[in-house]
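Asker: Sequence lines, in order, name chains F and E.
Numbering-wise (this note's numbering), the first sequence opens with residue 1 and increments by one.
Numbering-wise (this note's numbering), the second sequence opens with residue 1 and increments by one.
Just so you know, the hints here were simulated from the structure itself, not pulled from any lab data.
The reader is advised that the hints may include incorrect statements.
What the hints assert, rightly or not - Here are the in silico distance ranges between beta carbons for each label pair:
id, chain 1, residue 1, chain 2, residue 2, range
1, F, Leu138, E, Arg583, 55 to 63 angstroms
2, E, Asp444, F, Leu138, 30 to 38 angstroms
3, F, Ala81, E, Phe419, 31 to 39 angstroms
4, E, Phe419, F, Glu48, 24 to 32 angstroms
5, E, Pro521, F, Arg35, 49 to 57 angstroms
6, E, Asp444, F, Val55, 33 to 41 angstroms
To be verified - Some chain F residues flagged as far from chain E (calculated, every beta-carbon gap over 10 angstroms):
id, residue
7, Leu5
8, Ile6
9, Asn8
10, Leu27
11, Ser39
12, Leu142
Values in this document were obtained by computation on a predicted structure and should not be read as measured data.
Glycine included, each C-beta is placed from N, C-alpha and C at the ideal position.
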Amino acid sequence: MPARLINNEDILERRILVIDDEDANVLLLASVLEREGYSDVHCLTDPEQALASYVALAPDLVLLDLMMPKVDGFMLLEAFARHDQPGEFRPVLVLTADTTLQTRRRALALGAKDFVAKPFDIIEVALRIANLLETGILYERLRPK
Amino acid sequence: MTASSPARTITGYWTDRPLAFKGLVVVALPLAILFGALISLYLASNAETRAEDDVRRAFAIQRDTYQVHALLAEAAAGARGYVLTGQPRFLEPYRKAEAELPATMNRLDGEIRDAEVRRGFERIRRATTQKREGLKTIVALAGTRSRSQQNADALEAALISNKIVLDGMRRDIENIQRRERVLLDQRQAKVEDVRNSFLVLTAISAVVGLLGSLAAVYLFSTGIVRRVRILEHNAELLASGEALNAIPDDADEIGILGQRMHKASALLRAREQALRESEERFRLVVEGVRDYGIFALSPDGNVVSWNLGAERIKGWKLDEIVGQHFSHFYPDETRDFLPAQMLERARAAGTAEDEGWRMRKDGTRFWANVVITALYDDTGDLRGFAKVTRDMTERRRSEQALRAAREDADAANLAKSAFLSRTSHELRTPLSAILGFGQLLELDSNAFSPHHRESVNQIMKAGSHLLALINDLLDISSIEAGGAELRVELIDMNALLLEVHALASPIVSAAGLKFLLILPPNGVKVLADRRRVTQVILNLVANAAKYNRTGTLVELSCAQTDEAVRVSVMDDGEGIKAADVSRLFTPFDRLGEQTRAKVEGTGLGLALSKRLVESMNGQIGFEQRDQGACFWFTLDAVN
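Isolated chain F (complex conformation):
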């Protein structure tokens, strides 16, 4: 583990919401997060419930699949952005099998903070998750109360 500005325990306590229509992928991410030691992980395979869960849970980080039936990741990114209060930092890490440039650009333009192609290296994904959570904590600390 590289040296972090934030206590590792603080990071592992953060709330993470995983949204993917594939059970196997949700399970994989949950396993990775569990193995890392995260304690507040919520998983979702029905994207139609995603916004409600997002609002209800107010997660510190969202792991989002883009290619989903009915409600896809782009629509959710837009919905999250509409819902977020000004000054709130709720990073979304996009995980998708669609690696085309257009898709990457579109996701990042809609507010995704990071982008990982499937299949992914689980260690890399774990590190990116930790980085985003650390950034979120630092942001909260700097934010005027």
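On the provided structure of chain F, position chain E as indicated by the hints.
Answerer: Below, chain E alone, put in the same frame as chain F:
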């Protein structure tokens, strides 16, 4: 040069002189003769005047000598009368003679030219002086009134001597008169002579002048007029386009003019000939063209000429269509407006092109390509239109068929690509789970038995291979679907090759080979996608490292040709069998699949490289070397 006769030499000399010289001669010759005649006339009249002058002087001398004689005789008579009477009245003649004699003598002195006469005159002058002295003495003696004997004797002696003097003088005067008469005759004869010779001279002058004028006219005629007539005739011939009469090549202006005229005639005839031949050729070509209907229209659109091609395409014969309006060629739906529109467009823009249905004589339709060109003459007036028609029916049919086939092929290709893309995506999603869980297991493999560890290892290996396959497939399909994401930028090839060399060195080293890099001395630049170029070079280097089992090295090099940059990857291995070369860039066609089962790869590398290079306007290819293989690709160079 042939020897020429003297006459010909002279006339030749004459004709060869410049016109100014000839004009001078022709004008000056009669003038010179006239001038000569005038001089002779002047001389003759001068001589006559002199002769008449002589005659006049002879008369004057005669008159004056008589007068001298008369004055003296009268004075003597008067003196005698005075002697006898003593009356002074008789002295009048004496006094008159004393007064007039000196003047008369002087006049005579001035007029006498002849030597003999002058001698006589001198005697007369002396005698006159004696006489006057004598008379003076007589008058003096008579005036004394002293009638002495001595006086009377002296007077008698004076009278006698006076008489002698006067007699002598009378003889001298007669002599002079005689001499003068002779001279007068001579002079009158001379005047006659001069007059005669003047008449002769005038006659000769007239004859010579006439001859001179005739000669001048002749010279003018031979030197100029006759030759100008020939030239004039030649000019007429030239105007009517006929062959010119031959003329001698004289060196004066007329001769030169004649030669130039000949030259101009020859040139004109040559041009005319060439033009006629060209027109003939052109006519034959136009008439003989079978695949193009070529014909001319009058300014209002009536057919005025018709070629074989037009007859073949449209069915009308020459005599059936000439004079008809060209709207006959248009089908009903366009006949009312399109012909007029076409002519208007051609008039406005110089040319008008159209493709569409036209009609044959038998009413059948054909798909025509029509070009109408407006024809203007030199003054800018519209002379008509040239119309070229091609029967495009067959071509249109085949083009349509071709287009349909191409569209089908493109659609099929797109469908295939979309399918591949979708498939790749669908494959990546479950593979993500497989590899993800595999990696999870791998992380915890310390707890496993060696047997399970090996199983996890196999899952990861097969999964990775599948992922590589899917990635290449997705690349190929996205390129073929036209969705290749090219990020074209200006690339310094030397820098890029150094990077790739560093990147690929471990692969080549792992295969136990040397990895050479040869860069052009002056850097080269290309416009391309950096990531794609790197991908292609890595692919070629990896292939070379993978398949070079017998050699010792892999060589990466770059060179600039005229407009392209060529990157080559060479090895010194076994090379590739000639029979296999054509299959090199075909997907999944891994060469020597049986014998090289141990070589890893997706079988898509070269196919993908080919598509990548071609998507950047480049070419990719293979060359067999004496020892080993050479793969190369090109990119557009930027200067």
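Asker: That 31 to 39 angstroms hint for alanine 81 (chain F) and phenylalanine 419 (chain E) (C-beta), does it hold up?
Answerer: Since alanine 81 (chain F) and phenylalanine 419 (chain E) have Cβ atoms about 34 angstroms apart, the given range 31 to 39 angstroms holds.
Asker: Is it true that aspartate 444 (chain E) and valine 55 (chain F) lie within 33 to 41 angstroms of each other by Cβ?
Answerer: holds, 36 angstroms
Asker: Test the statement that serine 39 (chain F) is away from the interface with chain E: the closest C-beta pair must be farther apart than 10 angstroms.
Answerer: Holds, since 19 angstroms exceeds 10 angstroms.
Asker: With 10 angstroms as the threshold, tell me whether leucine 5 (chain F) passes as away from chain E on beta-carbon distances.
Answerer: holds, 26 angstroms
Asker: Classify the label on leucine 142 (chain F) as holds or violated, using whether its beta-carbon is more than 10 angstroms from each beta-carbon of chain E.
Answerer: holds, 35 angstroms
Asker: Taking C-beta pairs only, is leucine 27 (chain F) more than 10 angstroms away from all of chain E?
Answerer: Since the minimum Cβ distance to chain E is about 8 angstroms, leucine 27 (chain F) lies within 10 angstroms and the statement is violated.
Asker: Measuring Cβ to Cβ, find out whether isoleucine 6 (chain F) lies farther than 10 angstroms from everything in chain E.
Answerer: holds, 24 angstroms
Asker: Taking the closest pair, is the beta carbon of asparagine 8 (chain F) still more than 10 angstroms from chain E?
Answerer: holds, 18 angstroms
Asker: If I claimed the Cβ atoms of leucine 138 (chain F) and arginine 583 (chain E) lie 55 to 63 angstroms apart, would that claim hold in this structure?
Answerer: Holds, at about 58 angstroms.
Asker: Does 49 to 57 angstroms hold as the CB distance between proline 521 (chain E) and arginine 35 (chain F), or does it fail?
Answerer: Taking Cβ atoms as reference, proline 521 (chain E) and arginine 35 (chain F) lie about 55 angstroms apart, which means the hint holds.
Asker: With respect to the beta-carbon atoms only, verify the hint that phenylalanine 419 (chain E) and glutamate 48 (chain F) lie 24 to 32 angstroms apart.
Answerer: Distance hint for phenylalanine 419 (chain E), glutamate 48 (chain F) holds at roughly 29 angstroms.
Asker: Honestly, do aspartate 444 (chain E) and leucine 138 (chain F) meet the 30 to 38 angstroms range at C-beta?
Answerer: Since aspartate 444 (chain E) and leucine 138 (chain F) have Cβ atoms about 32 angstroms apart, the given range 30 to 38 angstroms holds.
Consistency with the previously given hints fails for number 10 only.
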